[in-house]
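Participant: Model the full assembly from the supplied sequences, consistent with the hints where possible.
Below are the chains, spelled out letter by letter.
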Amino acid sequence: MSKQRLGQTPSQTVGPFFHYALPYENDSNLIVGDAQGQRIVVEGKVTDGNGDPVPDVMIEIWQANATGKYDHPEDTQNKPVDPGFHGFGRCATDKDGIFRFNTVKPGAVPGPGNSLQAPHLVTFVFGRGMLKQLLTRIYFEDEAHNADDPVLNLVPEARRPTLVARKAGASTYRLDIVLQGEGETVFFDY
Amino acid sequence: MADVIGYNREEKGAQPPSLYLPYKSTEFRAPKQPLVILPHTLSEVTGPVYGHGRVLPIDADLTKQHAGEPLGERIIVSGKLLDENGRPVPHTLVEVWQCNAAGRYIHARDQHPAPLDPNFSGAGRVVTDAEGNYKFTTIKPGAYPWRNQPNAWRPAHIHFSMFGPSFINRLVTQMYFPGDPLFFQDPIFQGIPDEKARERMISRFDLDNTIPEWALAYRFDIVLRGRNATPMED
Numbered sequence: 001m002s003k004q005r006l007g008q009t010p011s012q013t014v015g016p017f018f019h020y021a022l023p024y025e026n027d028s029n030l031i032v033g034d035a036q037g038q039r040i041v042v043e044g045k046v047t048d049g050n051g052d053p054v055p056d057v058m059i060e061i062w063q064a065n066a067t068g069k070y071d072h073p074e075d076t077q078n079k080p081v082d083p084g085f086h087g088f089g090r091c092a093t094d095k096d097g098i099f100r101f102n103t104v105k106p107g108a109v110p111g112p113g114n115s116l117q118a119p120h121l122v123t124f125v126f127g128r129g130m131l132k133q134l135l136t137r138i139y140f141e142d143e144a145h146n147a148d149d150p151v152l153n154l155v156p157e158a159r160r161p162t163l164v165a166r167k168a169g170a171s172t173y174r175l176d177i178v179l180q181g182e183g184e185t186v187f188f189d190y
Numbered sequence: 001m002a003d004v005i006g007y008n009r010e011e012k013g014a015q016p017p018s019l020y021l022p023y024k025s026t027e028f029r030a031p032k033q034p035l036v037i038l039p040h041t042l043s044e045v046t047g048p049v050y051g052h053g054r055v056l057p058i059d060a061d062l063t064k065q066h067a068g069e070p071l072g073e074r075i076i077v078s079g080k081l082l083d084e085n086g087r088p089v090p091h092t093l094v095e096v097w098q099c100n101a102a103g104r105y106i107h108a109r110d111q112h113p114a115p116l117d118p119n120f121s122g123a124g125r126v127v128t129d130a131e132g133n134y135k136f137t138t139i140k141p142g143a144y145p146w147r148n149q150p151n152a153w154r155p156a157h158i159h160f161s162m163f164g165p166s167f168i169n170r171l172v173t174q175m176y177f178p179g180d181p182l183f184f185q186d187p188i189f190q191g192i193p194d195e196k197a198r199e200r201m202i203s204r205f206d207l208d209n210t211i212p213e214w215a216l217a218y219r220f221d222i223v224l225r226g227r228n229a230t231p232m233e234d
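Chains as they are written, first to last, in the numbering used here: chain A, 1 to 190; chain B, 1 to 234.
These aren't lab readings, by the way, just hints derived from the structure by calculation. Where a beta carbon is used, it is the ideal one built from N, C-alpha and C, also for glycine. Heads up, some of the hints might be wrong.
[Said to hold, decoys possible] Subject to a maximum C-alpha distance of 30 Å in a straight line, what follows is the list of computed DSBU-like cross-link-like pairs (lysine-lysine): (1) A:K132 to B:K140; (2) A:K167 to B:K32; (3) A:K132 to B:K24; (4) B:K32 to A:K95; (5) A:K45 to B:K32; (6) B:K12 to B:K32.
[Stated by the list, open to error] Footprint (simulated), chain B over chain A, 3 or more residues, beta carbon under 8 Å: (7) 19-26; (8) 36-44; (9) 152-163.
Facilitator: This is the structure:
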């Protein structure tokens, strides 16, 4: 390709006033019908470098369905998409910094080479005071594949727990997102 | 499974740092630990294809969402979504939001003592066509004060949120207007290190799309990350 590359449009903050534009009905509920798989709640609190709850960020997640299939043309695995499930969700934090998604536990998905990635949610954080969004992942503590997940293994061992949601009830997983400071969540350069 | 073809990474200077102290609220929200470099996997190169929901024509005309016409200067904003390789980004959701002509958002937490406009909400959505084009009608937003530094004012802007072909193409930006005298003191605009890249956020006056005796027009093209030429090595 000899064509000159165009310059990327810069990222800017969503600011504090996105709430009347971006949230939509049922945005944090990925179950849109008779979804297959284990229904779960994924929730957590977002805090800042002072340890204060962050009441004005927006979390977005993208995930595979229960069999590990992404509803996207580039997922060429011979597995069905699930009409009862939508892989994208959005949730603005509440006044206490809490986010909460109703979804299904995703299946494992292919990784680089012949590797398999443990079940995870691709997670973006957008907010005031964030000129660009932050990328992280949410894994699940009760998944055997975590030990050989190719992405978790790129993370220093001591920091891996910041990416792994803990069971907080029969079907509830909890992972707090710490933007800065002690227990700071691992964010990715992508 | 074969390795996926990833996307280009951040263009140096074109994307802001997380910590930019002139913009005060970055101070306690920017990570302090180093970011972990992530190879692009199937999880990153897939994403919600249409974003969400059904988009109606009324969503692309912010001047027709209420019983009456909003106050302010009627404008048509259009442009093309492209990637860095110059390829159009078709059929993808663009969400926009803005304050009214007086510089006031309908948001409950906006305390700026400027009037609300009962005929203007300031939120719209449009899906790009097969060639990546989008167009919407609105009114020109006003400038407004904020408390970042003494006598701080945001230049007039419209917020844009885009999906694109994969989740890591996700981009939220702001469109500005040409010749705005407030750029020099705005830490959000100035948070982009490279001056040429910063100017990519400034729309240009678009005579071709003006409607005589009805509306002025601005053009704003948006460039998302392009695809790598070769697959990522593992």
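Participant: Which hints from the list above does the structure break, by number from lowest to highest?
Facilitator: The structure conflicts with hint 8 only, although it agrees with all the remaining ones.
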